[in-house]
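Participant: All chains should be built: construct the whole structure from the sequences, respecting the hints.
Chains A and B supply the protein sequences, listed in that same order. For the first sequence, the numbering used here assigns the number 1347 to the initial residue and increments by one for each residue that follows. For the second sequence, the numbering used here assigns the number 3 to the initial residue and increments by one for each residue that follows.
Hints were generated in silico from the structure; no laboratory data involved. Treat the hints loosely; a few may be bogus.
[Claimed, not checked] Coverage of chain A stretches by chain B, computed from C-beta distances (three or more under 8 Å per stretch; other residues unrestricted):
| # | region |
| --- | --- |
| 1 | 1528-1536 |
| 2 | 1590-1601 |
| 3 | 1631-1644 |
| 4 | 1691-1700 |
[As the list claims (entries may be wrong)] Sample of chain A residues with no beta-carbon within 12 Å of chain B, all distances over it, derived:
| # | residue |
| --- | --- |
| 5 | 1370 |
| 6 | 1426 |
| 7 | 1461 |
| 8 | 1474 |
| 9 | 1496 |
| 10 | 1497 |
| 11 | 1572 |
| 12 | 1583 |
| 13 | 1585 |
| 14 | 1586 |
| 15 | 1607 |
| 16 | 1624 |
| 17 | 1664 |
| 18 | 1671 |
For every residue, glycine included, the Cβ atom is placed at its ideal position computed from N, Cα and C.
Residues per chain, in single letters:
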Amino acid sequence: MTGIDVAAPPPVLRFADVGRDDVPAAGGKGASLGELMRAGIRVPDGFVVTTAAFRSAVAALDLGSRVAALDPADAAAVTAACGEMRSIVESAPLPPEVADAVVAGYHRLAAERGAEDLPVAVRSSATSEDGAEDSFAGLQDTYLWVRGADAVLRDVRRCWASLYSVESVTYRRRRGIAETDLAMAVVVQEMVGARSSGVMFTRSPLTGDRSVVAIDASWGLGSAVVSGDVTPDSFVASKITGEITRRTVSTKSRWHQPDPHGAGVVEGEVPENLRDVPSISDAEIVELIAIARRVEAHYGCPQDIEWAVSRTAPAGESIVLLQSRPETVWAGKDAAASPQKVAAPAARAFDHVFHALGGKRRAEG
Amino acid sequence: MSQPSGERAFPLPSQIDAVPGAEGWEEMYPYFSRFQPEDDQRFWFYNSMHFPEVVPAFDGLTSEIPYTAIGANTARLFSFPTTLGIEYRILNGRVYITANPVTDAGKIEERLAHFQERAGHYYANWDRLYDGWQGRIEALIAEIEAVEVPRLGELDDLSVVMESRGYASNHLLRENFHRCIDLYSKMWHHHTEFLMLGYGAYVVFFDFCRQAFPEIGDQTVARMVAGMDVTMYRPDDELKKLAALAVELDLADLFVEGNEPDKVLSGLAGRGDAGRRWLAALEEAKDPWFNVSVGDGFYHHHLSWADDLTVPFAALPRYVEQVRAGEDLTRPTDRLAQERERIADEYRALLGSDDEKAAFDQMLGLCRQVFPYIESHKFYCEHWFTTRFFQRIRAFGALLADRGVLAEADDVFHLRHPEVEDALADVQLAWASGGKELGARHWQPIVARRKEIVEALSRWSPPPALGPVPDSMNDPAVQMLWGVTDETITTWLGGEELDEHTVRGYAASPGVVEGVARVLMSVNDIGSIREGEVLVCPVTAPSWGPVFGKIAAAVSDIGGSMSHAAIVAREYGMPAVVGTGQATAKIRTGDRLRVDGDRGVVTILR
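Facilitator: Below is the structure:
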């Protein structure tokens, strides 16, 4: 898709209509989901409530001047003002074109998936590349198993409102970030009834080894793994041969599941008979490795991927991706460190043997 | 990795209890193979890779001679900087070994200079020298094949007189027997000639890969190195060709499960020209390709396929069935070669700099250069030559039985080789004097007693190691040949902490399966294994290859990830866990097992 006018994108864009260059309109998460879809990776369908929608809905509330007037050192004043601003964002009437677009987007998605009150995930999608800002700004908001257009509208506004949390506002004030630069997209995505979910890195988080995929997996929704509520199963496999070099099956006592009463997520105990059983099969590991290879090749750098195994989809089509972003920890270490040499070529190939068997430790680094 | 601590120890050699019924076992082995009091101060491990069973008296030669060769190679020929040779001891019929390290920095430096000159010559001229080796080993095999046991008739052959040979044929008993021992010794020197240099190249590349890719699996590294044209696969390939021929000649009905070789052969005799053609093809394939021991060539009773057709004929029905089903049994070497290149290319591409890529190519290239020797020498040495060697010794046994010294030919293997020389001198003297051999009264009770001892010792469960735990296990020879590292020792030490339903070893070949265990303590029982069972044995030998087609997984007490068992299991795409140290002690035939070849764990599900 080309031709999105960054100055004035529509309030809602389908995943199929965004790609990796659309971060200003769709945020990182939204752009990445669209991009994955374009790369032919299975992603639950959905749409992005764009930064344009945010601007027309929130900018109109004129909160910028109130934030600018705050003294970040005055905690009491900041707390009071933030509480007020958040409730304004959550309750102010939406511009009709925004509300209509979100409602229409939801109904179309629900109709396509054949479920009137299709459960969706509503997640904030930041426009900033700065990971630190994400954590300070509370941009990690995720609402799971949301049903119905009204609930979607409510949670989209909750995501926006998170920009007016004490942490977020304080952060912007301390960093001198202009309120006029403020923008946020929100992703609305079909919820996967996940039998198992997890994360995977296309390089080892332990050693930085780029030849392996490290997979963490547990029963139920991925929020249990991401939040650290459970010690997941852990697998390390060669991305090149598929050989599984490490396999740790943990006792998984907690899981997150859709609330059986309709909406939301409940946390609970994993039944006894599943706790010590691997949460994914070897065939699924093979599939995950294949997906990891494709995604990494598509982006050209190691990725940090969230995935789920659908409870209902047939085997071979059951794995979906919920997010992929560049791996940052080892990328940072690589950039900071002087290039580590394992070995340099020798005058003759067999000189390597002399070095190794010569009784001296090989020079490090 | 946890470091083995000096506080924990294996049993000391002097503390091992006597095995009831095996009193006097020491007489079966030479004095220099016995544990000495001071040996309690050193670390020893059980070489069950090569000696998984009790060693009969004659077979003591298969430890004595190899250790004269391998130590000479590392200590005296090539001057490996940090190691001398291997010392061995026999305890209750089992072979324990230890390496003599060089620790003095000055001495290492001195040895390194020689190593560079000597090993450098071999590496720099590898292909030419290996070519020469091929000629030497084939000449040696021709020599052992030419050794004859003299016939001692009423009168010596007329030609001895007419051609004025000058010595009677009883002399040849001594000379020709000795010739067998001499050639066997020479074979072992040739066996080790390139061995440690070859493994050196492997170790360098493995280390490089582990540094560049800290989480790479051994199997992956092995796959980058492995060659396509592997001599050890050839016997199996010949068998597949015979299966195809059986189908082509419409003889498939004879090759069904449970049909013993005799039955098949007599059936073929009744099938006219087709039967004759198949038998001719069998004879053609036999020499040399059936000179492959069902063991690893260290025991006289591990007969070759040529000596006993049970193993190859046990594999034929399945191949015949596959051929009839239209399956292509030829190894997809093109695809395997492409896959090997793809794997190497992708790993190379992940390296951070051109320098590293160049080093990777150098090391990988060196490994691939040495691979043919590493993979092929076993066929020529342990299998072809050794089959011929044991056949000759058995023929001397037949002569001794014929002369009434022994009750039967195979009893010769219950005498140490100097004792065989004594018995032959007895025959020489009796034939010369016209008297009677005195050996029956002397040797037959000894042989009978030794059979009892071997039987009693076979019930002993040898500890994986003896003596104090070393600070670190970094002898290159021990690492390369036996795969014994600090981690192995930790596993051995931790043996008693594992629950009784779990056995851990090396993950040698990936995959997870469940199946019923068949524990085979001796390869001679291999005929009893059934389709879909899990083979559990002291050591898996490459010549069992065809049977791998029948089984669901393989578990062994000893072996490393570059052992032949591991390579063959991967070739057959079957899970294997090797080097468990205790599988045969813990698992019983009939147990239901889960074999996890990814993690190296075997779980007993009973």
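Participant: Find the hints from earlier in the document that the structure breaks and name them by number, from lowest to highest.
Facilitator: Hints 1, 3, 12, 13, 14, 16 contradicted; others consistent.
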